[in-house]
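Quick note, the sequences are listed as chains B and S, same order. Note that the first sequence ends on residue 195 in our numbering; no numbers are left out. Note that the second sequence ends on residue 390 in our numbering; no numbers are left out.
The set of hints was computed from the structure by calculation and includes no laboratory data. Please note that the accuracy of each hint is not assured.
Capping the alpha-carbon separation at 30 Å, the derived lysine-lysine pairs in DSBU-like fashion look like this [what the hints assert, rightly or not]:
hint	chain 1	residue 1	chain 2	residue 2
1	B	LYS127	S	LYS375
2	S	LYS199	S	LYS273
3	B	LYS4	S	LYS199
4	B	LYS185	B	LYS4
5	S	LYS380	B	LYS127
Pair by pair, the computed Cβ-Cβ distance ranges are [as the list claims (entries may be wrong)]:
hint	chain 1	residue 1	chain 2	residue 2	range
6	S	SER213	B	THR92	26 to 34 Å
7	S	HIS254	B	PRO61	40 to 48 Å
8	S	ARG386	B	GLY126	41 to 49 Å
9	S	GLY374	B	GLY159	44 to 52 Å
Glycine residues also receive a C-beta, built at the ideal position from the N, C-alpha and C atoms.
This is what each chain is made of:
Protein chains: 2
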Amino acid sequence: MTGKPYTFDILLDEGTLSNYDNHLVRKLSDLKGYFNDREAYQSMLGVEEAVLYDVYELHRPELAGELLHGISIIHPGKVGSEYFMTKGHFHTVIETSEVYHCLKGEGVMIMETPEGEWAVEPLSSGKVLYVPPRWAHRSVNTGADEDLVMFFAYPGNAGHDYGSIERQGFRQLVTEIDGKLELVKNPRWLRPEER
Amino acid sequence: MTGKPYTFDILLDEGTLSNYDNHLVRKLSDLKGYFNDREAYQSMLGVEEAVLYDVYELHRPELAGELLHGISIIHPGKVGSEYFMTKGHFHTVIETSEVYHCLKGEGVMIMETPEGEWAVEPLSSGKVLYVPPRWAHRSVNTGADEDLVMFFAYPGNAGHDYGSIERQGFRQLVTEIDGKLELVKNPRWLRPEER
Numbered sequence: 001m002t003g004k005p006y007t008f009d010i011l012l013d014e015g016t017l018s019n020y021d022n023h024l025v026r027k028l029s030d031l032k033g034y035f036n037d038r039e040a041y042q043s044m045l046g047v048e049e050a051v052l053y054d055v056y057e058l059h060r061p062e063l064a065g066e067l068l069h070g071i072s073i074i075h076p077g078k079v080g081s082e083y084f085m086t087k088g089h090f091h092t093v094i095e096t097s098e099v100y101h102c103l104k105g106e107g108v109m110i111m112e113t114p115e116g117e118w119a120v121e122p123l124s125s126g127k128v129l130y131v132p133p134r135w136a137h138r139s140v141n142t143g144a145d146e147d148l149v150m151f152f153a154y155p156g157n158a159g160h161d162y163g164s165i166e167r168q169g170f171r172q173l174v175t176e177i178d179g180k181l182e183l184v185k186n187p188r189w190l191r192p193e194e195r
Numbered sequence: 196m197t198g199k200p201y202t203f204d205i206l207l208d209e210g211t212l213s214n215y216d217n218h219l220v221r222k223l224s225d226l227k228g229y230f231n232d233r234e235a236y237q238s239m240l241g242v243e244e245a246v247l248y249d250v251y252e253l254h255r256p257e258l259a260g261e262l263l264h265g266i267s268i269i270h271p272g273k274v275g276s277e278y279f280m281t282k283g284h285f286h287t288v289i290e291t292s293e294v295y296h297c298l299k300g301e302g303v304m305i306m307e308t309p310e311g312e313w314a315v316e317p318l319s320s321g322k323v324l325y326v327p328p329r330w331a332h333r334s335v336n337t338g339a340d341e342d343l344v345m346f347f348a349y350p351g352n353a354g355h356d357y358g359s360i361e362r363q364g365f366r367q368l369v370t371e372i373d374g375k376l377e378l379v380k381n382p383r384w385l386r387p388e389e390r
C-alpha cells in the first residue's frame with residue numbers, strides 16, 4: 001500500500017510534469033455561475049471555449065499521512081473585469097491545510113473561513129503560501145500574459161468541498177479596473193448568519 | 196489556533212527564507228558516529244568545525260492536518276570518501292510521508308523501510324521527490340561545490356525518530372570513489388532480524 005519513493009521533474013517551460021497520472025482541465029464552461037459578469041461570460045462562451053486552468057498531479061491513497069502533490073497552472077485572461085481563477089474550495093476534512101510554492105507568474109490567493117474572515121495574499125515566483133486549516137482558497141492569475149504556475153501539497157484525506165463557494169463565491173472579486181488590480185465586494189456574498 | 200494565511204520568499208541566492216521562526220544548524224560535531232571513516236572524521240574535526248547543513252522552517256501546531264514546511268540546505272563536502280549528509284530519520288508517526296522540491300544543486304535521497312527495503316533517488320533542480328509513509332530518509336549533497344537546496348513539507352504530527360539510523364546508519368553509504376558517486380554497503384548495517 002505504501003509504494004516506493006519516486007521522483008519527477010517540473011517542466012516549467014512546457015507547463016507540465018515529466019510524470020503524472022491525473023490531468024484536470026477546467027474550461028470556461030466548467031465555471032458557469034462563477035464569474036460575476038454573466039453577460040461577459042455568455043458572450044465569451046459564444047466565441048471560444050477557453051481553458052482557464054490545468055492541474056497535473058499524482059494519485060496517492062486518500063489517507064491522512066499521505067500528501068497529494070502536483071502543479072496547478074492558471075492561464076492569463078479575464079471574464080469582464082474579473083481575472084481567470086480556479087473554482088476554489090474548502091477541504092472536506094476542514095481541519096487540513098495546504099502549502100503552495102509559486103514557480104512562475106503573478107497572482108493572488110483569495111481565502112476565507114466559514115465564519116466570514118477573509119485574506120488575500122500575493123503570489124509570484126519564489127513565494128511560498130501557507131493556507132492553514134479551515135481556510136477556503138482560490139488561485140487567481142492577475143498577470144497580463146503569463147501562466148501562474150504553483151507546486152502544491154496537501155494531506156491525502158483532505159477532499160474538496162465546492163458547496164458554499166459554488167453557491168455564492170468568495171467575499172471579494174479580484175478584478176482589473178483601469179489597468180489595476182482591485183478587490184471588489186462580491187454582491188452575491190452573504191454573511192454566515194444571512195445564508 | 197488556526198492562525199492566518201501567510202507568504203514568505205525563498206531567497207535562493209542567499210540560501211535562506213525572508214521569514215522563519217526556526218533555524219537549525221548541524222555541524223560536524225553534531226554528527227559524531229554518523230560517518231563511516233572515523234579517522235577522517237576525527238582529523239577533520241581537529242581542523243575545522245564545518246557546518247554540514249541548515250534548516251529554515253516555520254513552526255506550526257503539531258497536528259495531522261497541518262503541514263510543516265521550509266527549506267533544507269546541505270553544504271558540499273566529504274568526510275573521507277562519504278559526502279556531507281543529514282542525520283536521516285524515520286517519522287515517529289511512521290505512517291506519514293514527506294514531499295521535497297529540489298531548487299538547487301545535485302544530490303541523492305537515500306531511503307529505507309523498517310523491513311530493510313531500500314531506495315536511492317537523484318535530486319537536482321526542478322525535481323520533486325515523494326517519500327511515502329514508512330520510509331526513513333537522508334539527503335546527501337553529491338555536488339562538487341554547490342549547496343543542495345530543497346523545499347520540504349510533511350504532516351504536522353509526523354515527528355522525528357533518529358533511533359535506528361543513529362545506531363547503524365542506512366544500508367548504503369553514498370561515497371565518491373575515483374571522482375564518481377558510488378553506493379557502498381555499510382559495514383555497520385544489520386538486517387532487521389540481526390538487530
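These are the hints, each one checked on the structure:
With a C-alpha separation of about 35 Å, the suggested pair LYS127 of chain B and LYS375 of chain S falls outside the 30 Å cut-off, and the hint is violated. The suggested pairing of LYS199 of chain S with LYS273 of chain S is violated, with an alpha-carbon distance near 42 Å, which exceeds 30 Å. For the suggested pair LYS4 of chain B and LYS199 of chain S, the alpha carbons sit about 35 Å apart, so the restraint of at most 30 Å is broken. Taking the CA atoms of LYS185 of chain B and LYS4 of chain B, the gap is near 48 Å; set against the 30 Å cutoff, the hint is violated.
For a cut-off of 30 Å, the pair hint linking LYS380 of chain S to LYS127 of chain B is broken: about 40 Å separates their Cα positions. Restraint check, SER213 of chain S to THR92 of chain B: a C-beta distance of roughly 33 Å satisfies the suggested window 26 to 34 Å. The hint said 40 to 48 Å for the Cβ distance between HIS254 of chain S and PRO61 of chain B, and at roughly 28 Å that hint is violated. Between ARG386 of chain S and GLY126 of chain B the CB atoms are about 44 Å apart, so this pair conforms to the stated range of 41 to 49 Å.
Distance hint for GLY374 of chain S and GLY159 of chain B: a CB-CB separation of about 50 Å, consistent with the stated range 44 to 52 Å.
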